[in-house]
Amino acid sequence: MSSKATFMSFLVIGLLITLTLIAAPVTYAITLSFYSLDSFVGDPEWVGLGNYAKVLASSEFWNALKNGLIYAFATIFLQVVLGIGMALVLNQVFFGRNVVRGLSILPYLLPTVVMVLVFKWMVDGSIGVITAGVEWLGLPPIYWFESPLAAMLSVIMVSVWLWTPFVTTAFLAAMQTVPGSLYEAAKVDGTNAVQRFFHITLPMLKPVLTVIILLRAVWMFNKFDVIWLLTGGGPVGSTEHLAILAYTTAFSQFDIGAGAAIATISFLILSLAVFIYFFFFPLDAE
Amino acid sequence: MVRSVPSRIALYVAALIISIYSAFPIYWMVVSSTRAPQSLLRETSLVPGPFTLEYYSNLLELTDYPSQLLNSVIVAFSVVAITMVFSVMIAYAVTRQRIRGKKLIVGAMLYAYMFPPLLLAIPIYTIFTKIGLGDTLLSLIVAHLTLTLPLGVWFLWGFFKNMPFELEEAAMVDGCTRLGAFLRIVLPLSLPGLITVAIFSFLLSWTDYTFALIMIGSDANKTVPVGLASMIGSFDLRWGEIMAGSTLIALPLFGAFALLSQYFIQGMSAGAVKG
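Chains P and U, in that order, give the protein sequences.
Count the first sequence with the working numbering and you get residues 1 to 286, in order.
Count the second sequence with the working numbering and you get residues 1001 to 1275, in order.
Wrong hints could be hidden among the right ones.
Unchecked claim - No farther apart than 30 Å at their CA atoms in a straight line, the calculated lysine-lysine pairs in the DSS-like style are these:
1) P:54 / U:1130
2) U:1102 / P:4
3) P:206 / U:1103
No lab work stands behind these hints, which were simulated from the structure alone.
The structure displayed is predicted, hence computed values, not measured ones.
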């Protein structure tokens, strides 16, 4: 087989599979958003932009959008700040550093379900270890899933715990690439550690940080499992975001067209955000 | 570097805080899964014990856990195998051949990697239900591939790009065909990249809850994450068994990490991982 034929067969087979698996479903989802159907086997009825009009007119949609943005911004901010902080510590030389680095990655490996179950067990009303800790500190008991604020806090806390290691590890790896001579020179000039961080480390790592924040932002905006498992969107919709609204609309109310419309809208918002982000922080051309 | 005593102490305190913060929930999960029932639900002690394995034996003998574990294994291994084959093919062709729209292909992969899960889950579920294959492990494998294939192509594209062309060319000068050079030279050399893709495809599939929740309805086809989550909704909360089941599903991941940590770190640093 000639070289070109090998390549082309690789490419064609591979792309056909990918197109069938990804492009086709997405196209189908967008098509579904223009139809009304109330069961997964029934015949769809064309409603044009009807689903979009219905979704955009509902207060649930705007509430879900607001919650999703709060959740995404809060989790990204905390992940980046904590992640950079931990990376700075783990970049120092100390005894047992490799063990601590290993431990710091563990949360990332844990299935979301497991962490959610462990968290629910830790805040169990009568016997949870966090409940006991709160009591030991003399604070009033926290009703994690009954108050809107505490519910939002709990989904943010669990998410930050699970995904900060991504930031830590990526930032730590990138810090190894900054030449040590830069720091030596800055030290000779009499700068302190804080100045060196803001004037050397951060600017040198800006490209890496750009990518990290973009990826984390996209995934936090799309995140479904943590919130669904912890609060199910409750209490009274206070942690419901677009992914959960799309899920309940399609799979609990069986309004599949509207569910597809919500998924398509969140996809459009996301695409717009990615576009704006790249406009301000272009990826380095390779 | 010479450090003053207070700054050394501060460093060790910070390292200790990071360790406890990262490991405590996991420690607590394992401790709870082995604590005898009379104290598990009565006192909160940070020290392990009294020791029991009864939750593990209950879980394996009285629940659907073993069959869910088997489902998870079937799905994860199929996903890893299919992802490896096709992502290698696409990534290799894209890096080694002048193809119009090459950037478009790679860009589209990165973009596909950002799709909202429900944008994929709703149509895939609808299609599989229509053709009578709803609620099957096959539908779940297909759903997981929509996450892992873009990941594989994107990561391997970066990997092949940095691999010198000269090696293959030398082999082809010596009479190897392109396919022969690929199989004998490129694949063995790209083993580290392939391992990384395998690890993260496995991690995505093994830990997935969202797609499994949507695709699978019957108890017989549930994977472990969905099975575990439904234990918490059941009438009596069996915390011991829930913690034992959580430990069992997390353990293989920790084991793999201990053996292959360099690949995990490589993948995470390359931003190749979703989560």
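Quick rundown of the hints versus the structure:
1. Among the hinted pairs, residue 54 (chain P) with residue 1130 (chain U) is consistent with the structure: their alpha-carbon atoms are about 26 Å apart, no more than 30 Å.
2. For a cut-off of 30 Å, the pair hint linking residue 1102 (chain U) to residue 4 (chain P) stands: about 15 Å separates their Cα positions.
3. Between residue 206 (chain P) and residue 1103 (chain U) the CA atoms are separated by roughly 24 Å; this keeps the pair inside 30 Å, and the hint holds.
In this structure, none of the earlier numbered hints is contradicted; all agree with it.
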